[in-house]
Structures are given as structure tokens and as C-alpha cells.
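Undergrad: Sequence:
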Amino acid sequence: MINVIIIGDSYVNYALFPADSRLFYIGRCREWGDIDVVEYILEFPATFDIEEYDKKEEEITSICRDVESKYGNIDFVIGISEYTLLVASKVRESLKIPGRSVSDIIPFRNKAVMRDRICSARLLKQCNYFSPTVADSTFRTSIFCNDDYPLVIKPCSQAGSRFVSFIDNESDLLEAIDDMNENKLDYIIENKIAGEIIHIDGLYRDGELKFICASKYVYDCMSWISKNTPMSSIQITGENTERNVIDFANKVLASIGTNDVVFHLEAFAHNSDPIQLLEIAARPGGAAIVPAIKVFYGIDLNEESLKIDLGIKTTTSSAGYLSIKRNATETFSWIVLPIKERRHLQIEAVSGLNRLPDSVTWSTSIEVGEEYNKEFWEDKALAKFVLVGNTTDLLRDMWYLEESISVDFKVIHKGLCKVIS
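Under full-length UniProt numbering, the first residue of the sequence shown is numbered 1, with each subsequent residue one higher.
The set of hints was computed from the structure by calculation and includes no laboratory data.
Keep in mind that this is a model prediction, so the values were computed, not measured.
Incorrect hints may have been included.
[Claimed, not checked] Keeping only pairs whose Cα atoms sit at most 20 angstroms apart, straight-line, the calculated EDC-like set for lysine to aspartate or glutamate is:
hint, residue 1, residue 2
1, 55, 186
2, 192, 206
3, 216, 20
4, 90, 54
5, 325, 303
6, 313, 49
7, 313, 247
8, 90, 57
9, 210, 247
10, 90, 49
11, 70, 34
12, 410, 393
13, 184, 51
14, 325, 239
15, 340, 371
16, 96, 66
17, 70, 58
18, 56, 20
19, 210, 303
20, 192, 242
21, 340, 367
22, 210, 170
23, 325, 242
24, 251, 116
25, 184, 52
26, 192, 303
27, 216, 393
28, 216, 239
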């Protein structure tokens with residue numbers, strides 16, 4: 001039998017597992033349907049943090065040792081979400097299981113390490129960054145002069161723009177640092193860069209790009225978190241743009257020193273200036289990026305990521321911007337609409353879904369009766385849409401969706417409210 005450990009909310013497609021696989025799951029409760037899985041359920045605090053699985057490394061490793069004592073050696077450890085990448089690599093190293101190591105994963109999960117690895121490649125315009133530790137009592141904000149502002153302060157190992165702040169003066173910086181220290185977060189401080197934010201998504205196997213494409217954010221993750229806007233992007237195209245994106249991604253990946261990864265890279269693009277790295281993650285992009293790429297290119301980045309942890313060779317090659325057979329007149333976009341509430345509520349109706357533009361090729365929405373914010377604050381979406389067409393039509397149709405989709409909900413024990421998303 002092939003023993004496979006699945007940690008947390010990692011993507012699973014049973015068809016990709018060896019036929020004689022025996023599956024073990026470690027994490028919060030999740031539904032498995034007809035899949036036969038031995039479960040080890042972990043207890044987590046009500047306020048779930050990005051690093052909760054990392055904090056349970058010893059417990060998870062102990063469970064894995066128990067599995068080995070009862071069932072034999074573990075063959076694969078699956079950890080392909082932002083929550084589980086690092087702890088999965090640590091389990092592999094502790095138990096000498098093949099797969100990606102801590103050195104492979106840490107630059108994707110720690111922004112200070114990430115910047116250390118790529119600074120030599122001159123891919124960071126904001127390379128004069130400062131990275132104190134939580135215990136560093138010698139740090140003084142006076143190392144920054146007035147001309148250094150605006151700054152950005154961000155945690156080293158969180159995700160989704162959580163705890164990220166734009167800083168205009170020393171007073172704001174002191175407040176943000178206090179917040180980081182209160183939450184026991186290591187952080188970096190760096191110059192804020194002007195420019196549009198793009199995301200580059202791709203597959204890199206055996207040190208070679210197999211698929212890549214890039215999109216420009218219309219609304220980015222920071223806006224989703226801080227302003228409760230939708231999140232959306234539209235693919236950018238053009239011979240020079242695509243060539244620059246390919247060259248930039250190759251430099252970043254080579255500088256980090258990885259061989260096998262599905263990546264989600266965010267960067268600054270400003271007119272004719274060189275692309276500048278914001279950050280890179282070793283997992284498929286969130287929101288509706290995976291379904292958008294699957295609809296437009298026929299490539300499932302979740303499956304490609306799972307193949308890496310299972311040691312399966314990819315059949316994808318020369319895809320996306322690397323292909324010479326693309327339809328240059330069509331592109332794609334996606335939009336995710338938020339529920340602009342953080343109270344415990346129940347969905348009663350979703351309106352506008354029967355009047356979708358023809359460009360919508362894939363969609364999903366929250367279900368009537370579903371509860372939201374029951375146990376901890378979630379970034380749950382009201383609805384997600386993937387659109388295909390020309391750029392002008394897609395921008396128009398995304399605006400239409402933003403304006404026309406609404407939700408009725410009941411705040412638990414507090415009556416009926418309505419919000420337009």
C-alpha cells in the first residue's frame with residue numbers, strides 16, 4: 001500500500017493518487033464524500049490564523065510517526081495550500097520522506113528570506129528594506145527620514161494582505177509596529193512603489209517554465225481586505241508584454257532556487273519601466289484564478305500542484321504565453337464579489353444571477369441557507385465569475401456584475417438586512 005498524508009485544506013483529486021493508496025488526513029473537519037480516509041482532527045482557535053498549521057508542527061509530526069508505526073512508511077505528504085506548504089516540508093524532512101524541502105518552500109513563505117534570495121538579481125526596486133525581529137528592542141523608527149515615506153509594513157509569513165499597512169509618517173509606523181508586536185509577527189518595512197499590480201501565474205517543472213500567463217488587477221487583494229471591494233483582474237497580452245513577463249518570471253524563479261512549483265507571483269508594472277517583484281507564492285492563485293485559467297487554457301493548476309507533491313511528471317508544455325498557437329483577439333477576466341459583512345449571518349436570497357452577460361463562461365455563488373462568519377471571520381465570496389471576450393467588453397461586463405448582483409441575508413438573532421455587492 002502507498003501511504004499518503006493530506007494536511008489541511010490541500011486540494012485533492014483521488015484520480016491522481018496511485019490505485020493502492022491509503023489516505024490519512026490531518027486538519028480541521030472536511031467532507032470526503034465516497035473517499036475512504038483515516039482522519040486525525042485537530043483543534044484550532046476560533047480566530048483562525050494563516051500560521052495555525054505551522055504552530056502545530058510537533059503535533060502533526062507526532063501523528064505522522066503514529067501512522068508509520070501502525071501502517072508502515074509514509075510515501076507522500078500533500079501540503080499545497082498557503083496554510084500547509086511549510087509544515088508539510090518540515091514533516092518530510094523530519095521523517096525523511098521524498099518531496100519539497102524546507103529550503104524549497106521557505107523563500108515563498110517568508111518575505112525576508114524571499115528578498116534575500118532575489119536581491120542579487122536586481123528584481124526589487126524596494127531593495128532597501130528593514131527586517132527586525134519581534135524581540136529586537138534596538139530598532140528605532142528614526143532610521144527613516146521624511147524622504148523615505150511612504151513606506152509599507154507587512155508580516156513576513158502571513159497571506160492575503162493581512163496586517164499590511166501603508167505608512168505616511170513616523171506616527172503611523174509606530175502604530176503599525178505595535179500592531180505587529182502585539183500579534184507576535186515578524187515583519188519587513190520597505191518603500192512603497194507606485195504602479196499597477198499584475199499577477200503572473202505559472203507552472204515550473206524541472207527548472208523550466210511549462211505554462212505562464214499574466215493579468216492586471218482591476219481590484220486587488222489589499223482593496224478586498226481594507227475597502228471591501230470586489231477582487232478582479234483581466235489578462236494582459238501583447239508580444240512585448242508576454243516576452244517581458246516570461247523573462248521576469250524566469251529570473252525570479254532561478255534566483256529563489258526552486259525546480260518544481262506552481263506559482264502565483266505579484267509584481268509592479270509601470271509603463272516602460274522594468275517589472276518589479278512584489279512577492280511570489282508556491283501555490284496556485286486564489287480568488288477565481290484557477291477556474292479562469294482552466295476555462296481559457298484548459299490547464300488545472302490545482303492538479304499540477306498536486307502532481308508535484310505526488311511526484312508525477314507533468315504533461316503540460318509550452319502553454320499560455322509560451323504557445324505560438326494562441327488566439328490573440330480573445331482574453332479572459334475574473335471577478336469575485338464580497339459579502340460586505342463580518343457579522344454571523346444566514347443567506348436568504350441572491351439576486352441578479354438570472355441576468356448574466358454572455359461573456360460569463362463559469363460562475364459559482366453562495367447557497368441560500370448557508371451561514372457566514374459562524375465560527376471565525378472568513379473571506380467568503382458572494383459570487384465568482386470567469387469571463388471570456390475582448391478587453392473592452394470584459395471590463396464593461398465586470399462592472400455590470402458588480403452593480404447588479406445583490407444578496408439578502410439574516411443577521412442571526414438580529415433581523416433582516418440587505419447589502420449590494
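Undergrad: If a hint holds in the structure, say so; if it doesn't, say that too.
TA: To see whether the hints hold, each was checked on the structure:
1. Proximity of residue 55 to residue 186 is assessed by CA-CA distance (about 15 angstroms); at most 20 angstroms being required, the pair is judged to hold.
2. A threshold of 20 angstroms between alpha carbons decides the hint, and for residue 192 with residue 206 the separation of about 34 angstroms lies outside it, so the pair is violated.
3. Distance hint between residue 216 and residue 20 is unfulfilled; the C-alpha atoms sit about 43 angstroms from each other, more than 20 angstroms.
4. Under the criterion of a C-alpha separation no larger than 20 angstroms, the hint pairing residue 90 with residue 54 is consistent with the structure, at around 9 angstroms.
5. This hinted pair does not check out: residue 325 and residue 303 have alpha carbons roughly 23 angstroms apart, beyond 20 angstroms.
6. Distance restraint check for residue 313 and residue 49: the Cα-Cα separation of roughly 33 angstroms exceeds the 20 angstroms cut-off, and the hinted pair is therefore not satisfied.
7. At most 20 angstroms may separate the alpha-carbon atoms for a hinted pair to count; residue 313 and residue 247 exceed this at roughly 24 angstroms.
8. Straight-line distance between C-alpha atoms of residue 90 and residue 57 comes to about 8 angstroms, which keeps the hinted pair within the 20 angstroms bound.
9. Between residue 210 and residue 247 the alpha-carbon distance is near 13 angstroms, which keeps this suggested pair within the 20 angstroms criterion.
10. At roughly 19 angstroms between alpha-carbon atoms, residue 90 and residue 49 fall within 20 angstroms of each other, so this suggested pair holds.
11. Restraint check for residue 70 and residue 34: the C-alpha separation of about 24 angstroms exceeds 20 angstroms, so the hint is violated.
12. For the given pair, residue 410 sits about 35 angstroms from residue 393 by alpha-carbon distance, which is inconsistent with the 20 angstroms threshold.
13. With a C-alpha separation of about 12 angstroms, the suggested pair residue 184 and residue 51 falls inside the 20 angstroms cut-off, and the hint holds.
14. Between residue 325 and residue 239, the direct Cα distance comes to roughly 13 angstroms. Compliance with the 20 angstroms bound is thereby established for this hinted pair.
15. Between residue 340 and residue 371, the direct Cα distance comes to roughly 14 angstroms. Compliance with the 20 angstroms bound is thereby established for this hinted pair.
16. The straight-line distance between the Cα atoms of residue 96 and residue 66 is roughly 15 angstroms, inside the 20 angstroms bound, and the hint therefore holds.
17. Between the alpha carbons of residue 70 and residue 58 the distance comes to roughly 19 angstroms, so the proposed pair stays at or under 20 angstroms and holds.
18. With a C-alpha separation of about 29 angstroms, the suggested pairing of residue 56 with residue 20 is violated against the 20 angstroms cut-off.
19. Note on residue 210 and residue 303: the hinted pairing holds, with a Cα-Cα distance of about 14 angstroms set against a maximum of 20 angstroms.
20. Using a Cα cut-off of 20 angstroms, the hinted pair residue 192 and residue 242 is violated, with the two alpha carbons roughly 25 angstroms apart.
21. For the suggested pair residue 340 and residue 367, the alpha carbons sit about 16 angstroms apart, so the restraint of at most 20 angstroms is met.
22. For the hint pairing residue 210 with residue 170, the CA-to-CA distance comes to about 45 angstroms; that exceeds 20 angstroms, so the pair is violated.
23. Taking the CA atoms of residue 325 and residue 242, the gap is about 14 angstroms. The hint holds against a cut of 20 angstroms.
24. Distance restraint check for residue 251 and residue 116: the Cα-Cα separation of roughly 14 angstroms lies within the 20 angstroms cut-off, and the hinted pair is therefore satisfied.
25. Only pairs whose Cα atoms come within 20 angstroms are accepted, and residue 184 paired with residue 52 is accepted, the gap being roughly 13 angstroms.
26. The suggested pairing of residue 192 with residue 303 is violated, with an alpha-carbon distance near 35 angstroms, which exceeds 20 angstroms.
27. Distance check on the hinted pair: residue 216 and residue 393 sit about 16 angstroms apart at the alpha-carbon level, within 20 angstroms; holds.
28. The suggested pairing of residue 216 with residue 239 holds, with an alpha-carbon distance near 16 angstroms, which does not exceed 20 angstroms.
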